[in-house]
Each structure stands twice: as C-alpha cells, then as structure tokens.
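Trainee: Sequence:
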Amino acid sequence: MTYKDLADLIFPNITKTVEDYEKMYPSRNGRVVTRVAPSPTGFMHIGTMYQTLVDYIIAKNNDGIFMLRIEDTDQKREVKEAVDLIYEALDDYKIIPDEYEKNGKMVGNYGPYVQSERKEIYHAFIKHLISIGRAYPCFCTKEELDELRVMQDHKKQRTGYYGKYAKCRNLSVDEMINNIKEGKPYVIRFKSMGDFERKFKFHDEVKGDLELSENDEDFVIMKSDNLLPTYHFAHLVDDRLMRTTHIIRGEEWLSSAPKHVELFNAFGFELPKYVHTPLIVKKDGNSIRKLSKRKDPEATMSYYDNLGYPREAIIESLMTIINSNYEEWHTANPDKVYTDFVYSADKMSSSGGAFYDLEKLGNLSKDIISKKTASKVCEESYEWASKHSESLKELIDRDKDYYTKILNIEREQEKPRKDIVYYSMIEDLIWYMYDDKFESRNKEYEWKNITDIKEIKNILNIYFDEYYNPNDDKDTWFNKVKELCDRLGYASNIKDYKKNPENYKGNVADISTVIRVAITSKSNTPDLYEIMKLLGLDRIKARIDML
RNA sequence: GGCCCGUUGGUGAAGCGGUUAACACACAAGAUUCUCAAUCUUGCAUACAUGGGUUCAAACCCCAUACGGGCUACCA
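Here the working numbering is used: the first residue of the first sequence is 101, the next is one more, and so on.
Careful: at least some of the hints might be erroneous.
Ranges between beta-carbon positions, derived for each pair [to be verified]:
| id | residue 1 | residue 2 | range |
| --- | --- | --- | --- |
| 1 | 458 | 245 | 41 to 47 Å |
| 2 | 192 | 220 | 32 to 38 Å |
| 3 | 594 | 308 | 58 to 64 Å |
| 4 | 488 | 455 | 32 to 38 Å |
| 5 | 176 | 251 | 25 to 31 Å |
| 6 | 163 | 247 | 53 to 59 Å |
| 7 | 368 | 473 | 55 to 61 Å |
Subject to a maximum C-alpha distance of 30 Å in a straight line, what follows is the list of computed DSSO-like cross-link-like pairs (lysine-lysine) [said to hold, decoys possible]:
| id | residue 1 | residue 2 |
| --- | --- | --- |
| 8 | 476 | 537 |
| 9 | 518 | 466 |
| 10 | 554 | 598 |
| 11 | 116 | 160 |
| 12 | 472 | 436 |
| 13 | 557 | 500 |
| 14 | 599 | 582 |
| 15 | 557 | 641 |
| 16 | 264 | 323 |
| 17 | 557 | 493 |
| 18 | 395 | 373 |
| 19 | 160 | 123 |
| 20 | 466 | 202 |
| 21 | 595 | 537 |
| 22 | 580 | 599 |
| 23 | 160 | 176 |
Hints listed in this document are in silico derivations from the structure and should not be mistaken for laboratory results. The C-beta atom is built at its ideal place from N, Cα and C for all residues, glycine as well.
Could you build the full structure based on these sequences and the hints that come with them?
Mentor: As structure tokens, this is what we get:
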C-alpha cells in the first residue's frame with residue numbers, strides 16, 4: 101500500500117487536483133489583494149474594525165482588491181446571524197469589499213468566500229499532501245495528547261506533537277489504512293521536516309527582519325469532527341488561491357508564522373507579505389491586556405453605535421493608532437478622505453499593543469460634529485435616534501426645522517461650538533428648548549450668586565418690561581443687559597467689578613445668569629441671545645410666570 | 001516552564017548613531033462684551049526600564065537583568 105492508496109481511501113471523491121485549482125484561480129497580475137477574515141462569533145470587535153481599515157487602506161492605496169472572507173471553520177463558536185452582523189457593520193462604515201459573498205450571492209471570481217463552503221478545495225490540497233507523504237492521519241485520543249503534554253511539561257520540554265513524540269507519523273501506511281477501515285477517528289496532521297534548532301529569516305512588514313525557529317510540529321490541518329481545516333491550513337489554501345498579497349493580522353499570529361512558512365514551502369508557493377499589527381489593548385490595574393468583549397464594553401463596535409458616535413470619528417481615531425502621522429496628514433489635507441492617506445507598515449507601532457483612548461475619540465468626535473451643518477447633524481442624529489432613542493426621535497419628529505435651529509446655535513461661525521460628543525447626549529443638551537420637557541423635567545433652578553427670589557423677579561421684571569426687545573441684534577441686546585446692571589447697582593464691566601467688588605451688588609455675569617436660569621433652569625447653556633431668539637418672547641414670558 | 005515580540009513624560013507617540021528628544025490628548029495659568037463648550041497665549045512634567053559594553057559621540061548598535069505582552073488547542 102502506498103501514500104496514494106491512503107489518500108484515495110481518505111478522500112475517495114476528491115478528483116480535482118491542486119493544479120486544477122491553481123488554474124481555476126489564476127494569478128492576478130501583480131494587483132495588490134487584501135482581505136479581512138473575521139469569524140462569525142456574534143459581535144464585531146474593535147480589533148477587527150482596526151484590521152479591516154488596514155486592509156482597506158492598503159487595497160485603496162494600491163488600486164487593489166479588498167475581500168471579505170468568513171472564517172467559520174469552528175462550528176462550536178459559531179453564532180447565528182453573526183455573518184449578517186459583519187456585513188452590516190462594514191456597510192455602516194461604508195467599507196464595501198470588492199469581493200464577498202452574501203446570502204448565497206457571490207461577488208468576485210475567487211470564491212467561495214465562506215470557508216465552510218470550501219471543504220472540497222481544502223480536501224484536494226490535503227489529499228495531495230498525503231499522497232506525497234507530507235501529511236498523515238493521527239489516531240491519538242484527546243487523553244493521549246493530554247498525557248503527552250503533562251509528560252513533556254514534567255520533563256521541562258517543549259510541549260507539542262513533534263519529532264519522537266509524533267508517534268502516529270511512524271505508523272506504516274498499512275496500519276493507517278487498517279485503523280481507518282476499523283473506523284477509528286482521526287485528524288490529519290502535517291508532517292514537518294523542520295528543525296527547531298534551525299533559524300530562518302522572516303520579514304514582517306511591521307516588525308522588520310526577524311529570525312525565527314523553524315517549525316517542527318506536526319500540527320493538525322484537518323479536524324476530525326467536521327473535516328474542516330484548522331486556521332493554519334485554511335490560511336494557506338485560501339490566501340494562495342485568492343491570491344492575497346498582504347496578510348494583515350494581529351500580532352498573536354506571529355508565533356505561528358513558522359508553521360505557515362513551512363506549509364507554503366511544502367507546496368512550493370511564494371510567500372505573501374505579512375503585516376502583523378499590534379493588538380488593541382487596555383490597562384487594567386497594573387496589567388495590560390487585550391480588549392475583551394466580556395469585560396470591556398468598548399471592545400465591541402455596538403458600544404459606539406449605541407452611544408451614537410459619528411462613524412468618521414471612529415475611523416479617524418482608529419487611523420491615528422494605525423499610523424501616528426495620520427493626524428498630522430489630515431490637518432494638512434483637510435479635504436482628503438482617509439483612503440487617500442498613504443499607509444506605511446513600518447510606521448506602525450511595533451510595541452506590544454495599541455491603546456484605544458476614549459478621551460481622544462471624544463475629542464475627535466466633537467470636532468467632527470462641530471464641523472457638520474445643522475441639517476447634517478439633524479439627519480444623522482435622527483437616523484441614530486430611530487434605532488436607539490425613542491424620545492429623541494419623538495422630539496425631532498415634532499418639528500425638524502425647530503430642532504435644526506437649536507442645533508444651529510453657535511454653529512455657523514468661524515469656530516463653531518463643540519459640545520456634542522455623540523448623538524445620545526443631544527437630548528440632554530437641548531431638552532429645555534421644549535416647553536413640556538421644561539415644565540415637567542426639571543424644577544430645580546441652578547441659581548448661582550443671586551438666589552433671593554424677590555431680587556430675581558425684580559431683575560426679570562425690569563429687564564423684560566423696559567429693556568428686552570426681540571428685534572435687537574446681539575450687540576444691542578448685550579448693551580441693554582449692561583444698562584440694566586448699571587441701573588440696579590451691578591457692575592456692567594467685569595474688570596471694574598474685580599477691582600472694587602465692594603462697590604457693587606454683583607456683576608453682569610450674575611445678571612446674565614439670572615436671565616439664563618429663569619429661562620432654561622440651567623446655569624450653563626449655549627449663547628443666551630440665540631436661545632432667547634429661538635424661544636420667542638411669549639414662551640419666555642410663560643416661563644418667567646412659572647417662577 | 002519553553003519560544004517570540006516589546007519597554008520614550010499622566011496617556012498615545014515621533015525618532016533609525018550627533019535634535020533645545022517632535023506632535024497630539026490630558027493637565028495648569030492667563031486672555032476674550034455673560035455661563036458653559038470652545039478659541040488664543042503660556043506653561044507643564046527629574047520621558048528614553050536598569051546595569052554593563054562598542055563608539056570621538058548612543059533613545060537609537062551589542063550583552064545581561066527586570067518588567068509587560070503574545071504563542072505554547074481538533075480556537076481563530
């Protein structure tokens with residue numbers, strides 16, 4: 101019996117060869133090809149988004165092709181609907197892959213793009229390996245492997261299935277065939293020819309030139325339960341056949357790179373470029389760790405959606421981690437889109453992990469929102485509210501025009517107001533502009549220096565009877581407030597007040613605060629003049645009567 | 001335990017043998033026709049993990065130590 105017989109026994113129905121597939125998926129003539137390859141685990145991790153951006157940028161920079169491939173070889177972890185979630189997330193961020201598969205519809209000629217649909221292809225490659233004696237069935241049980249590990253551990257040796265410990269590699273072909281015929285369960289392992297003591301040069305686009313030990317493990321390439329390949333083997337087959345030129349993946353893969361190199365060599369395939377990106381980490385007390393979906397809500401893209409950050413802000417903040425010179429570039433080129441930025445792998449931080457800074461995100465975000473027009477903010481916040489906030493949606497629905505005007509306060513000016521960080525905070529910022537909310541929601545007036553209600557009413561009565569005119573422009577409006585100050589014994593000029601506070605009952609800031617609080621109940625609001633204009637005299641009077 | 005990667009101010013991060021060690025966030029003070037959000041100005045920190053080398057010269061090169069991270073699965 102020969103290896104060929106063994107291969108035929110294991111894969112009797114596989115007739116296509118590696119060469120056939122090589123012809124079916126020809127080289128793409130030097131075009132850059134990247135791919136993001138998430139597993140459908142039920143949520144979109146921020147790290148996946150980060151990775152995606154790198155893939156996307158590299159493809160866009162080089163007029164290349166960006167693919168989305170679903171890695172669903174682990175059926176135990178799979179979650180229903182998770183695939184849709186991935187498409188949705190990319191869609192939200194307007195990152196449209198050039199090649200992908202959705203609802204059974206395939207876009208691109210190098211698919212299928214879902215690993216569970218590629219079984220036959222993997223099998224053809226494995227069959228080839230078996231027939232040349234570079235892969236073999238392993239019948240070791242879970243218990244045996246555990247035992248081996250414990251033993252190696254005890255002897256202080258490297259754990260793993262390699263060299264003399266790889267006992268199934270020494271089975272004769274006849275024994276293997278007999279075992280299979282007896283129905284013993286098995287996995288397929290790669291037969292390594294490597295020597296752990298030997299080093300080879302490996303170039304990583306981020307880390308530079310490295311020296312790694314050769315792989316000597318007979319690692320599993322096909323699982324026993326679903327006959328699907330492990331990541332290592334799928335990477336080889338998929339990225340070869342899809343002609344991926346740049347493998348962008350997290351740093352955690354660096355240590356298995358020797359496996360991949362040996363695999364590519366075994367087939368005589370040219371190695372793609374590897375871009376091992378730092379992980380997104382966070383500080384947890386004294387230790388640093390990967391962002392985890394269980395412990396860190398901010399690890400999941402839905403966290404940002406729920407809060408209502410504009411997507412550009414997320415992209416922007418991720419881009420600054422990807423290449424720290426991005427921010428500088430963007431200030432120099434404010435009109436360009438982020439895909440115009442030229443990514444360089446060697447500028448990527450090679451240090452342990454990248455911290456995702458929510459504070460920085462907030463800063464970026466309010467800057468971005470402040471630069472949008474009021475109607476744009478209206479539109480986007482409405483879209484957000486439709487999914488996440490019934491009450492804000494209701495408020496907008498009442499009168500879109502009025503809502504837009506509120507958003508427009510201090511917006512159309514050289515340095516627009518920056519107080520909205522994300523859309524979910526809008527309602528908290530503007531509720532007092534709605535009469536019913538004002539009446540019901542807050543009876544606590546935030547009076548500051550002047551708290552005597554008689555004095556307050558006195559100030560307001562005089563102001564509204566004799567000074568306020570809705571038709572005044574802003575300068576006139578403020579001058580009248582100052583006139584009122586002078587008349588009532590408050591300093592209209594703060595500098596004067598600071599020099600001789602004992603000469604006055606207070607100053608113009610105190611008077612402004614009284615008006616502000618009476619009308620809005622809050623001591624901090626945007627420009628009072630604009631608020632009063634928007635509210636109109638009747639509504640203002642009604643509010644003052646409520647005091 | 002073994003193998004690999006890393007360590008620059010409060011934080012992220014430039015730097016690639018000769019720099020006053022950028023820049024951004026945060027922070028502090030002052031300024032502005034009202035509060036807040038901003039904006040402007042200024043400031044800010046004993047920042048190159050430690051100890052040895054190599055060199056006329058080291059954050060940058062080499063070696064050790066410490067610390068952090070990753071991998072060490074029929075998970076990706």
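Trainee: Each hint needs a verdict: does it hold in this structure or not?
Mentor: Consistency of the hints with the structure:
1. 458 <-> 245: 41 to 47 Å: Given range 41 to 47 Å: holds, Cβ gap about 43 Å.
2. 192 <-> 220: 32 to 38 Å: At 34 Å between Cβs, range holds.
3. 594 <-> 308: 58 to 64 Å: 59 Å, holds
4. 488 <-> 455: 32 to 38 Å: 27 Å, violated
5. 176 <-> 251: 25 to 31 Å: Check passed, 27 Å falls within 25 to 31 Å.
6. 163 <-> 247: 53 to 59 Å: 54 Å, holds
7. 368 <-> 473: 55 to 61 Å: 58 Å, holds
8. 476 <-> 537: Distance ~24 Å between residue 476 and residue 537 Cα, so the pair holds.
9. 518 <-> 466: 6 Å, holds
10. 554 <-> 598: 26 Å, holds
11. 116 <-> 160: 34 Å, violated
12. 472 <-> 436: 16 Å, holds
13. 557 <-> 500: Distance of about 34 Å is beyond 30 Å: violated.
14. 599 <-> 582: 18 Å, holds
15. 557 <-> 641: Given pair residue 557, residue 641 holds - Cα atoms ~12 Å apart, limit 30 Å.
16. 264 <-> 323: Holds - the C-alpha atoms of residue 323 and residue 264 are around 22 Å apart, at most 30 Å.
17. 557 <-> 493: 36 Å, violated
18. 395 <-> 373: 34 Å, violated
19. 160 <-> 123: 27 Å, holds
20. 466 <-> 202: 35 Å, violated
21. 595 <-> 537: Since the Cα atoms of residue 595 and residue 537 sit roughly 38 Å apart, the hinted pair is violated (cutoff 30 Å).
22. 580 <-> 599: 23 Å, holds
23. 160 <-> 176: 35 Å, violated
When held up to the earlier numbered hints, the structure conflicts with 4, 11, 13, 17, 18, 20, 21, 23 and fits the remainder.
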